[in-house]
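Peer 1: Each chain, letter by letter, is given below.
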Amino acid sequence: MEEEGKKAAPNEVFPFMDAPTVLRCKNVYKDFKLPTEQATGLKQAVINWTKGVRGYKTQHVLKGITFSVHKGEFFGIVGRNGGGKSTLLKIISQIYYPNKGSVSVKGRLVPFIELGVGFNPELTGRENVYLNGAMLGFSKAEMDAMYESIVSFAELEDFMDQKLKNYSSGMQVRLAFSVAVKAQADVLVLDEVLAVGDESFQRKCDDYFTQIKKDPEKTVILVTHDMNAVKRYCSRAMLIKDGQIASIGDKNAVAEQYTLLNLEADRQMAAARNAKRENGKVWPEGLSERCPVLRTFAVSKPLIGSDEKFVFGVEYEFNEDSDFYLAIAINDVRRGGITYDSGAKTFRMTKRGRNTVYFSFPVNLFNNGEFTIYTSLRVPSVKDDGFTEMVGVATGDNACSFIIRDPRNADYALLSDRAAVITAKSDDVETLQWNGWRPGTAQVTAEARRREERTKDPLERRRTQLLERIEEIEGIRLRILNEAKLEKLRKEKAEGVERVVPIAPGVLRRLSGVDLSGKVAQITLDDVTLSEEELSELTGSSEEAHLIDQLNTVNDQIIAKAEQEKGKK
Amino acid sequence: MKRAHAAANAIKPSTSKIRRNWIILKALVHTDFKLRYQGSFLGVIWSVLEPLMMFAVMYVVFAKFLRMSDGTRTYPVVLLLGISSWQFVTDSTNVGLRSIVDRGDMLRKVHFPNYIVVVAATMGALITYGINLGVVLIFAFGYRVHFTWRVVLVPLNIIELYCVTLGLTLIMATMYAYYRDIAHIWDVLQQVIMYGMPIVYPLSYVLRRRGIVGKLGKLELLNPFAQFIQDIRHNLIAPATQQTIWNLYPNSLWYLKAVPIVLMLLLFFLGIFIFSKNSKRFAEVM
Numbered sequence: 001m002e003e004e005g006k007k008a009a010p011n012e013v014f015p016f017m018d019a020p021t022v023l024r025c026k027n028v029y030k031d032f033k034l035p036t037e038q039a040t041g042l043k044q045a046v047i048n049w050t051k052g053v054r055g056y057k058t059q060h061v062l063k064g065i066t067f068s069v070h071k072g073e074f075f076g077i078v079g080r081n082g083g084g085k086s087t088l089l090k091i092i093s094q095i096y097y098p099n100k101g102s103v104s105v106k107g108r109l110v111p112f113i114e115l116g117v118g119f120n121p122e123l124t125g126r127e128n129v130y131l132n133g134a135m136l137g138f139s140k141a142e143m144d145a146m147y148e149s150i151v152s153f154a155e156l157e158d159f160m161d162q163k164l165k166n167y168s169s170g171m172q173v174r175l176a177f178s179v180a181v182k183a184q185a186d187v188l189v190l191d192e193v194l195a196v197g198d199e200s201f202q203r204k205c206d207d208y209f210t211q212i213k214k215d216p217e218k219t220v221i222l223v224t225h226d227m228n229a230v231k232r233y234c235s236r237a238m239l240i241k242d243g244q245i246a247s248i249g250d251k252n253a254v255a256e257q258y259t260l261l262n263l264e265a266d267r268q269m270a271a272a273r274n275a276k277r278e279n280g281k282v283w284p285e286g287l288s289e290r291c292p293v294l295r296t297f298a299v300s301k302p303l304i305g306s307d308e309k310f311v312f313g314v315e316y317e318f319n320e321d322s323d324f325y326l327a328i329a330i331n332d333v334r335r336g337g338i339t340y341d342s343g344a345k346t347f348r349m350t351k352r353g354r355n356t357v358y359f360s361f362p363v364n365l366f367n368n369g370e371f372t373i374y375t376s377l378r379v380p381s382v383k384d385d386g387f388t389e390m391v392g393v394a395t396g397d398n399a400c401s402f403i404i405r406d407p408r409n410a411d412y413a414l415l416s417d418r419a420a421v422i423t424a425k426s427d428d429v430e431t432l433q434w435n436g437w438r439p440g441t442a443q444v445t446a447e448a449r450r451r452e453e454r455t456k457d458p459l460e461r462r463r464t465q466l467l468e469r470i471e472e473i474e475g476i477r478l479r480i481l482n483e484a485k486l487e488k489l490r491k492e493k494a495e496g497v498e499r500v501v502p503i504a505p506g507v508l509r510r511l512s513g514v515d516l517s518g519k520v521a522q523i524t525l526d527d528v529t530l531s532e533e534e535l536s537e538l539t540g541s542s543e544e545a546h547l548i549d550q551l552n553t554v555n556d557q558i559i560a561k562a563e564q565e566k567g568k569k
Numbered sequence: 001m002k003r004a005h006a007a008a009n010a011i012k013p014s015t016s017k018i019r020r021n022w023i024i025l026k027a028l029v030h031t032d033f034k035l036r037y038q039g040s041f042l043g044v045i046w047s048v049l050e051p052l053m054m055f056a057v058m059y060v061v062f063a064k065f066l067r068m069s070d071g072t073r074t075y076p077v078v079l080l081l082g083i084s085s086w087q088f089v090t091d092s093t094n095v096g097l098r099s100i101v102d103r104g105d106m107l108r109k110v111h112f113p114n115y116i117v118v119v120a121a122t123m124g125a126l127i128t129y130g131i132n133l134g135v136v137l138i139f140a141f142g143y144r145v146h147f148t149w150r151v152v153l154v155p156l157n158i159i160e161l162y163c164v165t166l167g168l169t170l171i172m173a174t175m176y177a178y179y180r181d182i183a184h185i186w187d188v189l190q191q192v193i194m195y196g197m198p199i200v201y202p203l204s205y206v207l208r209r210r211g212i213v214g215k216l217g218k219l220e221l222l223n224p225f226a227q228f229i230q231d232i233r234h235n236l237i238a239p240a241t242q243q244t245i246w247n248l249y250p251n252s253l254w255y256l257k258a259v260p261i262v263l264m265l266l267l268f269f270l271g272i273f274i275f276s277k278n279s280k281r282f283a284e285v286m
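So the protein sequences, as listed, match chains A and B. Each step along the first sequence adds one to the number in my numbering, with nothing skipped, and position 83 is 83. Each step along the second sequence adds one to the number in my numbering, with nothing skipped, and position 62 is 62.
Be aware that one or more of the hints could be misleading.
Unchecked claim - Straight-line alpha carbon distances no greater than 16 Å define the calculated EDC-like cross-link-like pairs of lysine to aspartate or glutamate that follow: (1) A/Lys33 - B/Glu284; (2) A/Lys71 - A/Asp215; (3) A/Lys43 - B/Asp181; (4) A/Lys57 - B/Glu284; (5) B/Lys26 - A/Asp161; (6) B/Lys34 - A/Asp215; (7) B/Lys34 - A/Glu122.
Simulated from the structure, these hints should not be mistaken for laboratory data.
Just need the whole structure built from these sequences, with the hints factored in.
Peer 2: Below, the structure written as structure tokens:
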């Protein structure tokens, strides 16, 4: 299957790829004529025609889209606004027709460009359901059979005979979605319909999608801006940029590329906003006559793994006589703050005029994140040679962003485990593995420690053993005690004995499993005291006392030994 | 369990395209009818009351006041029939030409053949026409009209009238999508056509006039609308006195007799052609 557009993960196998194709787009082109002057009346049209004004300009919305969707897939289409997603969807739904290329669909395709198409506010809910069903091709008999399930899914049993204009927007959306869901399409096409609706509706959608994701008979094509939805439901995804496929394949990779695109766009917008005017020329923010060019650009891919070094270049132009330096700062976009700064006078440039230099930065120390590199060009300060003055800075469009993604990394903190880990110093802390990744020297487990312990002093070993055993017995004893108290309470309830217990103010405790309604409010096991006889009935452990004696003996021995050593020294 | 669940919900809609279009057509007509007299007190009765009131006004003004009767006993029935028939044409065209644009939001969101919308509008008018024909028949019985064998031809005439109306509506609906002026142009044109037809006045009145007016009177019947409505009147009510192109022109001018039918076929196929050519662009233009 030939597919254009960069494959996000070329060697990955996706589910459902060997199922038959339900949708195939081949080389689809779509242009729109945008009227520059509206001619809705004959008079205007004639005037325009006589003036020779063409009245429109051609906008190329789709420029050669080729892809296919297989049966059972949950296919996501993402892209920035204006990229051509909705147009592509309308072409797939046969609402628009392509100027060039072909679209073929096998099976019934039901598009939901907007929920509740054809809903007429003057008709009742019931009439609207039947009308909507008719629009999709269901006869009245077929709709009769589905009606009950539609209404129960929408949870609108009591409102079906009210006019639709009296429904709240949430109810309308629920009804529309319910009809869409029951429509039994082979291919369901949804255009950002998840964006509306309250939380419970979102949950309904979520349930439905997770269920449908597993169904090999149903294909869903979803257009959305919500990357979480893409990551949750989609089996495969596609990114459309400027009318062409920028990436197709693994949903996580596509989601990340979309994030990157948005980052770029944000920067461009900020740069445009901050453009300065100087000497009749418009300088982008940070540049000036003294430093007309300063640009940081990526040499490595902007999406890198932790093992790679991020290689970037800086292009500058500086024609003055003095020494000049490049200071490079790396800003953490996700967490905020400057992660690394090279220093003002670290890199001195030797070549004047226009030049490009390259740097590399290892990223193994960081977890996943998004970073931007800001370079500034500095000269020694006129007042004090020890300090520098900034002549130009590469920000906005001239800065460079990169994203670190590695399966070994976490997402929250900045430093990865390979940079540094916290080592526990107390015995009471048991260190388990960090994030599944075992760095060479820093791994410590209770097992290893115990192994260490065993090679040590036999007295220490004995002590540890005793402590552990005593702990165990304590635990058992406590359990038995609690059980006895619980039993006592149950007996009291059965006998009808009332128990009045003062409740400590502000403390809320609950006893589950024993219902003490009535005068007694809430009591805890702590409030229950067992009498001497009851205590003696418990299968107490005399072993404990015995062990404590032993422990004391060992402790004494250890102390004596320590004194001896001290004495020796 | 999943299989059973799927089977329970496996009601698939009819796959046949024609059947699907028919379902949509029925739903649209049904909805239009329901909505037409929404909120009005008299409701559907208006579809009968409107032409009846028009008839009452025309009868009083033209027949009684201005004495423009054709002299026959059954003139009021003929007048009502003419008015109802023309009402069908105006209904169809006025609603139909706006139908594409009015349902623009649906066309932009769902795929279905656009012509169904126009056909639905004409069907709605046809149903109203049917109701009015019922009223006409009641009048006819009241006036003790003698029905002849020619009544059998009436359905054929109605089909002819429907075809020419549909053709014209399709053309105008296409034009309305691009230039809204067509609605206003048609408003005026409609009146011109109506007064150029022997509906409110009998044709004999014009023919009796001397000179060029009398001669031009015959040309009125070249208009397919006029001719078909006259045919309906002729075949249903008064074969003896209603003039149609068949009895007014001599056989030597057979080519003129074919003109209305040729015009009908021309409008019909032209309408279908123009509409289908532009149908794909409607969703984008609106």
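Peer 1: Look at each hint and say if it fits the structure.
Peer 2: Hints and how they fare:
1. Restraint check: the Cα-Cα separation between A/Lys33 and B/Glu284 comes to about 9 Å, which is no more than 16 Å; the hinted pair holds.
2. About 10 Å separates the Cα atoms of A/Lys71 and A/Asp215, which keeps this hinted pair within 16 Å; it holds.
3. Between A/Lys43 and B/Asp181, the direct Cα distance comes to roughly 9 Å. Compliance with the 16 Å bound is thereby established for this hinted pair.
4. Annotation: proposed proximity of A/Lys57 to B/Glu284 holds, straight-line Cα distance about 15 Å (limit 16 Å).
5. Our distance criterion of 16 Å between C-alpha atoms is broken by B/Lys26 and A/Asp161, whose separation comes to about 21 Å.
6. Taken as a hint, the B/Lys34 and A/Asp215 pair is broken in the structure, with Cα atoms around 40 Å apart against an allowance of 16 Å.
7. Pair hint B/Lys34 plus A/Glu122 holds up; C-alpha atoms about 10 Å apart against a cutoff of 16 Å.
Of the hints listed earlier, those the structure fails to meet are numbers 5 and 6, in rising order.
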